[in-house]
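J.: Start from the sequences and build out the full structure, keeping to the hints where you can.
Residue numbers (our numbering), protein chains in the order written: chain A, 1 to 268; chain B, 269 to 690.
Mixed in with the good hints there might be a few duds.
[Claimed, not checked] To give an idea of the chain A side of the interface with chain B (calculated C-beta under 8 Å), a few residues:
hint	residue
1	N52
2	Q53
3	S125
4	V164
5	S169
No lab work stands behind these hints: they were computed from the structure. Glycine included, every Cβ here is placed at the ideal spot set by N, Cα and C.
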Amino acid sequence: MATVASKLYSDDVSLLVLLLDTNPLFWSNRSTTFSQFLSHVLAFLNAVLGLNQLNRVVVIATGYCSCDYIYDSSLTLSGNSESGRTGMPALFGSLLEKLEDFIDKDEELIKEQEHDERIASSLLSGSLSMALCYIQRIFRSGHLHPQPRILCLQGSPDGPEQYVAVMNSIFSAQRLMVPIDSCYIGTQNSAFLQQASYITGGVHHAPKQLDGLFQFLTTIFATDLHTRSFVQLPKPVGVDFRASSVFGQSKLDGASTVSDKKRKAPDS
Amino acid sequence: MSNQRKRPNGEREEDDEEDDAEGIGQWERAYVDDRSWEALQEDESGLLRPIDTSAIYHAQYRRRLRMLSAAAAGTRIQKGLIRYLYIVIDFSRAAAETDFRPSRMAIMAKHVEAFIREFFDQNPLSQIGLVSIKNGIAHTLTDLGGSPESHIQALMGKLEAAGDSSLQNALELVHEHLNQIPSYGHREVLILYSALSTSDPGDIMETIQKCKKSRLRCSVIGLSAEMFICKHLCQETGGLYSVAVDEVHLKDLLLEHAPPPPAIAEFAISNLIKMGFPQRAAEGSMAICSCHKEVKIGAGYTCPRCKARVCELPTECTICGLTLVSSPHLARSYHHLFPIAPFDEVPTLTSANDPRRKLGKSCFGCQQSLLGAGNKPGPCVTCRKCKHYFCLDCDIYIHESLHNCPGCESIHRPKSVSLMEE
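T.: Here is the structure:
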């Protein structure tokens with residue numbers, strides 16, 4: 001089931017799968033606008049692609065009502081593609097177009113539903129699952145493949161209804177030996193992302209100032225897996241492991257009682 | 269409950285080949301049963317067609333999935349998540365046979381190691397113990413414990429085969445051990461039996477009845493041939509009996525025992541169990557750990573009830589006896605409770621321009637193109653709930669390892685409805 005990533009053409013070729021949080025309910029009331037945030041991210045992606053000629057980047061957008069692939073650097077051929085509309089590097093013309101389309105579609109889907117006022121969480125479990133399927137495809141493609149890792153750029157708070165799905169993804173990533181790095185830019189702490197990085201051996205960081213986001217991204221998250229053994233990265237200080245009850249939102253503390261016999265629900 | 273695969277050429281031809289096998293060399297013997305050249309096919313122009321193993325693999329996988337879901341459909345099945353399993357390995361002289369290369373005991377040890385790791389991965393709250401049978405006596409290699417490394421070290425320590433095998437002695441020993449465990453745990457025994465006989469000091473039927481009364485579920489995997497006594501044991505206690513025909517089959521049979529089996533309600537009484545979720549100790553704190561009795565600095569966990577320090581989880585606190593786990597350990601078992609439905613196969617008769625197929629030119633999970641050779645639609649599957657298309661490899665990965673459908677997870681559902689649908 002799990003394949004061991006064999007020695008590739010050189011140690012530091014990496015595949016970065018970036019999960020970008022585009023939840024409009026989160027971005028609507030932040031001091032940093034989404035487009036400022038995006039400029040940091042695009043510069044960071046350029047930096048990753050510049051570190052090694054064979055590096056690859058895949059971007060998956062985590063929306064409020066849907067998730068989708070936005071960009072795959074191995075599919076875009078280098079060329080004279082111009083993106084005259086924006087001042088962005090031509091490399092990312094298709095990324096920006098697809099992102100715009102995705103956000104428009106997401107907003108339409110939001111209008112069709114009445115959203116929950118209390119917690120405006122994005123669909124982290126969906127994009128994590130898609131990222132893992134893509135990485136599994138890379139592993140199937142033969143011996144010469146880049147070393148994959150996942151980076152979650154998340155600001156929305158955790159949605160407790162996704163707990164089981166997120167934990168399933170984390171354990172699957174652990175078995176595939178794919179680290180999940182997480183950069184949390186929201187206000188409260190994200191227990192899901194802390195646990196994900198701790199269990200899979202990735203790096204978790206929550207920068208306080210979003211103005212310097214590019215610096216955080218390039219110094220902490222741009223290093224490939226081989227180089228991490230020489231670099232001093234932020235260590236987990238305290239991981240929030242408190243059990244999240246599956247059937248409600250309360251987080252339980254201390255010694256608790258757990259029913260040993262769990263009934264399997266019938267297939268619908 | 270034996271489960272033997274049919275040989276491709278039937279029984280009678282094998283006898284003839286056995287006689288011819290005497291006079292041929294070692295390298296030829298490998299090909300006596302394996303006629304891989306018969307699987308080749310020619311296409312219209314006489315050229316060899318490459319063997320498409322992925323479709324065969326996927327068909328096997330789907331057959332297995334269908335068997336499992338047919339068994340579970342329409343019934344409420346309880347699964348015991350807290351299992352106490354004893355693995356009994358037969359190290360009698362029959363284990364030194366070389367029909368499995370290099371020898372039966374080497375293969376058994378290798379696969380049991382893989383099984384132990386897989387078992388703790390799927391059942392983090394359970395415990396394993398090892399028993400070996402040698403010279404007609406059963407020895408306890410390791411007691412019930414939750415750490416895979418200690419079991420594997422004890423197993424790989426001495427690999428030697430000698431003497432007779434005794435099924436009754438093994439069952440008596442295991443019965444004695446398993447009588448001491450709490451009533452909410454499920455008692456299981458997995459016997460890897462290579463001998464063709466058993467030398468017992470008393471009446472084995474009595475022992476089998478004793479095991480049945482103590483609610484011990486015994487399963488046997490035979491390495492040589494089907495035996496009545498093993499079959500009887502498994503039927504009486506409700507376990508599975510199977511005989512391995514080759515190494516790959518042995519591995520599959522072993523790994524079938526890793527996920528929790530359907531449990532009989534009266535066997536383990538439903539209880540509320542107190543468990544502790546310890547906090548990680550701060551970096552640089554010093555304490556004497558209760559498992560090694562030495563001073564340790566830094567990483568470790570503090571029991572929430574008695575504040576003793578333990579080194580790793582899951583474990584039982586040595587001071588106050590509280591079961592200590594961390595929530596990811598419990599979360600590893602959740603996919604047994606909330607499994608995803610198998611995907612439906614999409615009939616390949618529809619052409620690529622069919623309006624229904626507009627939704628999926630590429631797999632939703634990995635973005636691989638779903639078109640086969642010549643732009644014709646290749647084999648794919650679809651999820652019943654979210655109607656997205658997935659390729660065959662993603663189907664296998666999603667159901668065996670990930671346990672989440674990416675399509676269903678990518679749809680926002682109002683909270684009150686989401687859990688009811690699962």
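J.: For every hint, state whether the structure bears it out.
T.: Here is how each hint holds up against the structure:
Taking 8 Å as the C-beta cut-off, the interface hint given for A:N52 is violated, the closest approach to chain B being about 23 Å. Using the Cβ-Cβ criterion of 8 Å, the hint placing A:Q53 at the interface with chain B is not satisfied: the shortest such distance is roughly 23 Å. With 8 Å as the threshold, the beta carbon of A:S125 comes within range of chain B, its nearest partner Cβ sitting at about 4 Å, so the hint holds. About 5 Å separates the beta-carbon of A:V164 from the nearest beta-carbon of chain B, less than 8 Å, and the hint is met.
Taking 8 Å as the C-beta contact cut-off toward chain B, the hint placing A:S169 at the interface holds, the least distance being around 6 Å.
Of the numbered hints listed earlier, those contradicted by the structure are 1, 2.
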